[in-house]
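Participant: Given the coordinates of chain Y, assemble chain F onto it according to the supplied hints.
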Amino acid sequence: QQQVKQSPQSLIVQKGGISIINCAYENTAFDYFPWYQQFPGKGPALLIAIRPDVSEKKEGRFTISFNKSAKQFSLHIMDSQPGDSATYFCAASGDSNYQLIWGAGTKLIIKP
Amino acid sequence: NAGVMQNPRHLVRRRGQEARLRCSPMKGHSHVYWYRQLPEEGLKFMVYLQKENIIDESGMPKERFSAEFPKEGPSILRIQQVVRGDSAAYFCASSERVSGYEQYFGPGTRLTVT
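Protein chains in written order, with my numbering: chain Y, 1 to 112; chain F, 113 to 226.
Same shape as in the complex, but just chain Y (with noise of 0.2 angstroms):
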């Protein structure tokens, strides 16, 4: 029930295309939903996050969208790029619990 699962595992996507990640979770209790990105070597970066009292956020080219029936949640980065070339890992937590429960993280390729 502490689970976040996400897919795909590794994406590769043209420049100017449009990226999709998902993620799914069980614990009805999580209440954030961060998204944070991973370059080789470095920590991740919060990059955009939801509350599930919103069914989208859109900040630049990054949009959430959230599904609370369901139970999912997906990063859309639109007109994808080379420098978005990175490790994209979902989280989740409740408000209550200061442990960010993560995903096992999806390799995304941008090809020029």
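No wet-lab data here; the hints were simulated from the structure. Glycine residues also receive a C-beta, built at the ideal position from the N, C-alpha and C atoms. You may find that some hints are simply not true.
Not close to chain F: a few residues of chain Y, all C-beta gaps over 10 angstroms, as computed [stated by the list, open to error]:
1. K15
2. G16
3. G17
4. S69
5. S85
6. S93
The calculated DMTMM-like cross-link candidates involving lysine to aspartate or glutamate, where the alpha carbons are at most 20 angstroms apart (straight line), are [what the hints assert, rightly or not]:
7. K156/F <-> D168/F
8. K42/Y <-> D168/F
9. K5/Y <-> E26/Y
10. K5/Y <-> E184/F
Derived coverage of chain Y by chain F (criterion: at least 3 residues anywhere in the stretch with Cβ under 8 angstroms from a Cβ of chain F; other residues may be distant) [stated by the list, open to error]:
11. 43 to 55
12. 103 to 109
Facilitator: Same frame as chain Y, now just chain F:
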């Protein structure tokens, strides 16, 4: 405003030696979290500390691993008598308030046990 700092960035230890990993949180942050990342995997929570207190060490192995966050100085994650299975990237995060929200991560320490 400097981010979370970790050192060393890379650490090589022989089996049986001790490893000490240091983390300085962001200015104004008094909550520190340590995570471990194995290759091709997500991060796994190890321990949560506030100044001079271990709040939750449920994710940390009970033997050989310890953590502290003294009143002065950085947080330290200590691994005694390292084994090959300890080889991983260890990340420290800090936050302004206690929660999973907006944890900011350091660059990590990559520990290799030979």
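Participant: Honestly, which of those hints from before does the structure not fit?
Facilitator: 6, 8, 10
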